[in-house]
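Based on these hints, arrange chain P on the given structure of chain U.
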Amino acid sequence: MAEYDVVVIGAGHNGLVNANYLAKSGLKVICVEKNQNIGGGCSTEEVTLPGFKHNLHSTFHGWLPMGPVYKDLNLENYVNYVYPPANHVSLFDNNRSLVVYRSMDLVCKQIEQFSKKDAVTYRRIFKSYKEFIDTVFVPWFFSPPVNQSDLIATLEKSPEGMELYQWMMSTPMNIYNELFESDELKNHLMARVLILGMPHDYYGSGLIAIFAIIKVINPICVGGSRNLAEGLARLLKEQGGEVINNTPVEKIIVKDGAAVGVKTAGGKEIMAKKAVVSNIEPKQTMLGMVGPDKLDEWYVSKVNAFKPDAHAIFGVHYALNDAPKYTHAEKNPDVNMGFSQDIFGNKIEDFTDFFADVRRGIPPRKPAFQCCAPTVHDPTQAPPGKHTAFIWQPVPYNLRGKGPEGWADIAEEYADYLQSIWQEYAPNISGSNILGRFVHDPLKAMEYNNNFIGGGFNAGDMSPDQMGNLRPIVNWAQYRTPIKNLYMCGCSNHPGGSVSGSPGYCAAGIIHDDLGIKRWWKGLV
Amino acid sequence: MIEDEQSFTIKVPIQKAWDFISDINKISSCLPGLDKAEIIDENTADITIKQMMGIIPFYVKIRNTITERQPPHKFVSVGSGEHLEQVKLTLELKETSPSETEVTYKMLVIASGNVKGMVEYMMNKKKEEQTAQFVAALKQKLE
Chain U
1 MAEYDVVVIG AGHNGLVNAN YLAKSGLKVI CVEKNQNIGG GCSTEEVTLP GFKHNLHSTF
61 HGWLPMGPVY KDLNLENYVN YVYPPANHVS LFDNNRSLVV YRSMDLVCKQ IEQFSKKDAV
121 TYRRIFKSYK EFIDTVFVPW FFSPPVNQSD LIATLEKSPE GMELYQWMMS TPMNIYNELF
181 ESDELKNHLM ARVLILGMPH DYYGSGLIAI FAIIKVINPI CVGGSRNLAE GLARLLKEQG
241 GEVINNTPVE KIIVKDGAAV GVKTAGGKEI MAKKAVVSNI EPKQTMLGMV GPDKLDEWYV
301 SKVNAFKPDA HAIFGVHYAL NDAPKYTHAE KNPDVNMGFS QDIFGNKIED FTDFFADVRR
361 GIPPRKPAFQ CCAPTVHDPT QAPPGKHTAF IWQPVPYNLR GKGPEGWADI AEEYADYLQS
421 IWQEYAPNIS GSNILGRFVH DPLKAMEYNN NFIGGGFNAG DMSPDQMGNL RPIVNWAQYR
481 TPIKNLYMCG CSNHPGGSVS GSPGYCAAGI IHDDLGIKRW WKGLV
Chain P
526 MIEDEQSFTI KVPIQKAWDF ISDINKISSC LPGLDKAEII DENTADITIK QMMGIIPFYV
586 KIRNTITERQ PPHKFVSVGS GEHLEQVKLT LELKETSPSE TEVTYKMLVI ASGNVKGMVE
646 YMMNKKKEEQ TAQFVAALKQ KLE
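Chains as they are written, first to last, in the working numbering: chain U, 1 to 525; chain P, 526 to 668.
Worth double-checking, as some hints may not be accurate.
Straight-line Cα separation of at most 25 angstroms, DSS-like style, residue types lysine-lysine; simulated pairs [as the list claims (entries may be wrong)]: (1) U/K24 - P/K641; (2) U/K518 - P/K641; (3) U/K484 - U/K444; (4) U/K130 - P/K650; (5) P/K641 - P/K666; (6) P/K586 - P/K666; (7) P/K631 - U/K130; (8) P/K586 - P/K541; (9) P/K631 - P/K575; (10) U/K522 - P/K652; (11) U/K522 - P/K641; (12) U/K331 - U/K307; (13) U/K28 - U/K307; (14) U/K215 - P/K664; (15) U/K130 - P/K551; (16) U/K268 - U/K255; (17) U/K71 - P/K641; (18) U/K522 - P/K650; (19) U/K157 - P/K561; (20) U/K307 - U/K157; (21) P/K650 - U/K127; (22) P/K631 - P/K541.
Don't read these hints as lab results, they were simulated from the structure.
Extracted from the complex, chain P is given alone in its bound form:
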């Protein structure tokens, strides 16, 4: 099981942040290594992530479903895919001023099958880089 958590501030009002984050199309565009996103409905998307291991790309397909919306404070999506039992993304929003929002990003990954150990090892090695990419993408698109 791999977990990562980071809090950061974005310079937009909480409602604007929420409108972006709760839109599956928009939030999917911030996922690190996004190769392809096919929106199924307002709560579901098929996501293909491209993760580079040196020059070798690893593609991971995940069906991602939004399971919880508490406007404008909490967003949870849960996905699964090949070798991945669960990929859970939780975003918690807190207004720190009328023009600033603190976002707490939590990622949980549980791999499965006989490559579980290897997949979790890879994800663990990449988690800080992925979190940084997500934060940068969110800031770039919102601020």
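Same shape as in the complex, but just chain U:
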């Protein structure tokens, strides 16, 4: 029987971040991974042809460099990032495009194509709220959840704060309609919000609409997203920790109300003297691995009520001879150099139509997808001279009348349909240019990684009733659980989905406090 100080379940990036912070304090830590490959949402797999590396979930790690984890763990020694010269590119009808460069002046010139007034407003919003986002919102993101009343009380003390408070209570769609007149800019920004994990019409999620204007970076993990996890695993091993693959955890062993270890599907017991930390969403952790018999009825009902993501992801991954070449590049060659090319219709109202389909359980017939060819910026993700690319379209997890199993019947046909739309924008996505294709429908996504409940990428809906100090379970939002010494560190916890390391980092702080161990890191400062 193996014995450690801490057992971490799930070697996704948050589990590994958590394990590293604990190991650096001298704790003996093991990270137990169900799959053959570590990474979780930072997965990279050769699903088409050998040598073609496909990122099945995260493709950019925008949050990681903003927070403390990258610096605290000296990750520059373990993982490299490249920054595309342009970020998101929105493609509209009639070869019109909006390229979001890294320079604000260039972004505003792009917006001026559609509305000079909007360019002025965009710059004003950026200037007015950048410091707030940098010094309030970003540290909020990398702190354990705080009382929302503290922030609201501060905002209520000034007219400027009250305006921001109203926006926070509103929806991204309302805010963009209030601020801007150009259909194209509003559509572009809404696509950004959706990519960040929020639908257009969630009341109480308005701050993300402002964030989407201020923060636009798309660092690509060199060699594929999994290299972040591999780097973290390497660091963990250097610190005396262990990572084991192909080891599903079946049970969390609870004795006298406290977690004392885990039992694997193979029957092996791995004991934890100080803590068990789960990087898995609460339904599987608390109801599956712990068991409802060890929890009170109220908590069980709250875990059952934890909602999956608002939409699932339908991904189509390609091995290509040549990178996608967009017709829109005839007018602006930089279109081909963006991190992604986004095809989400032409106006903001398209999101209402598209989400109506998703909510009815119908695969949307309106194009609403992001296209990305990581190898344009990081050639190491494919054999020399070749490329990978993918498109992902938000879809319902449960197909009307058929459930998620219905995807098995229609996935290839739906991928053909999306590909035919993509070809209208990038005609070279056809024939011999396509060397291989892999359809990653929501059913397959769940088979590969069932932490992402509902086939999404946030391991739980990012609706305001599941955010901040309400995530994942009201009154249990500080990474602790009702089982003593059992913690959660995945993106089902505050601040939610994305590759930030924040849930793992924040949970590590709480665990240090509970164990009476002095934190070795300085914190956000």
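Leaving out everything else, chain P in the frame of chain U:
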């Protein structure tokens, strides 16, 4: 915990500098972002600081008490307020010539509660700007 320290020279005799600094009303007027100062007695003041985060003002109320006076060389005040366990200001004066005084400014801020990390992050981002404002205000009022 946030700390900042800076030494600078003001072109006034040490006694004149001390008379200004040790007066709670006068020294309060130099605090960066001062919105309101209510003097309670010669050692105590309720201070409201307005700190801008972009266009959003953050107001911080601090009860500030002078805890140490060593004329004309050392002045210490200690305050506390919402989310702030301690705000300590130390000013040390040294005569460098009959008409010039070197001032060493030391600021220590310890936040508290569940927003501790966020508050200290904000203070850290602003500390150089705040120190510069304090130095400029002191020079402007004294020189």
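To see whether the hints hold, each was checked on the structure:
1. U/K24 - P/K641: 23 angstroms, holds
2. U/K518 - P/K641: 16 angstroms, holds
3. U/K484 - U/K444: Judged against 25 angstroms, a Cα distance of about 35 angstroms means the pair is violated.
4. U/K130 - P/K650: OK: U/K130 and P/K650 at ~13 angstroms, within 25 angstroms.
5. P/K641 - P/K666: 34 angstroms, violated
6. P/K586 - P/K666: Within the cut-off at roughly 24 angstroms; holds.
7. P/K631 - U/K130: Judged against 25 angstroms, a Cα distance of about 29 angstroms means the pair is violated.
8. P/K586 - P/K541: Answer violated: P/K586 to P/K541 is near 29 angstroms, above 25 angstroms.
9. P/K631 - P/K575: Status holds; Cα separation ~20 angstroms.
10. U/K522 - P/K652: 17 angstroms, holds
11. U/K522 - P/K641: Holds: U/K522 and P/K641 sit about 13 angstroms apart, inside 25 angstroms.
12. U/K331 - U/K307: 44 angstroms, violated
13. U/K28 - U/K307: Since the Cα atoms of U/K28 and U/K307 sit roughly 34 angstroms apart, the hinted pair is violated (cutoff 25 angstroms).
14. U/K215 - P/K664: Measuring from Cα to Cα gives roughly 38 angstroms; hence the hint is violated.
15. U/K130 - P/K551: 34 angstroms, violated
16. U/K268 - U/K255: 17 angstroms, holds
17. U/K71 - P/K641: 20 angstroms, holds
18. U/K522 - P/K650: With a Cα-Cα distance of about 15 angstroms, the restraint between U/K522 and P/K650 holds, given a limit of 25 angstroms.
19. U/K157 - P/K561: 14 angstroms, holds
20. U/K307 - U/K157: 34 angstroms, violated
21. P/K650 - U/K127: 17 angstroms, holds
22. P/K631 - P/K541: 20 angstroms, holds
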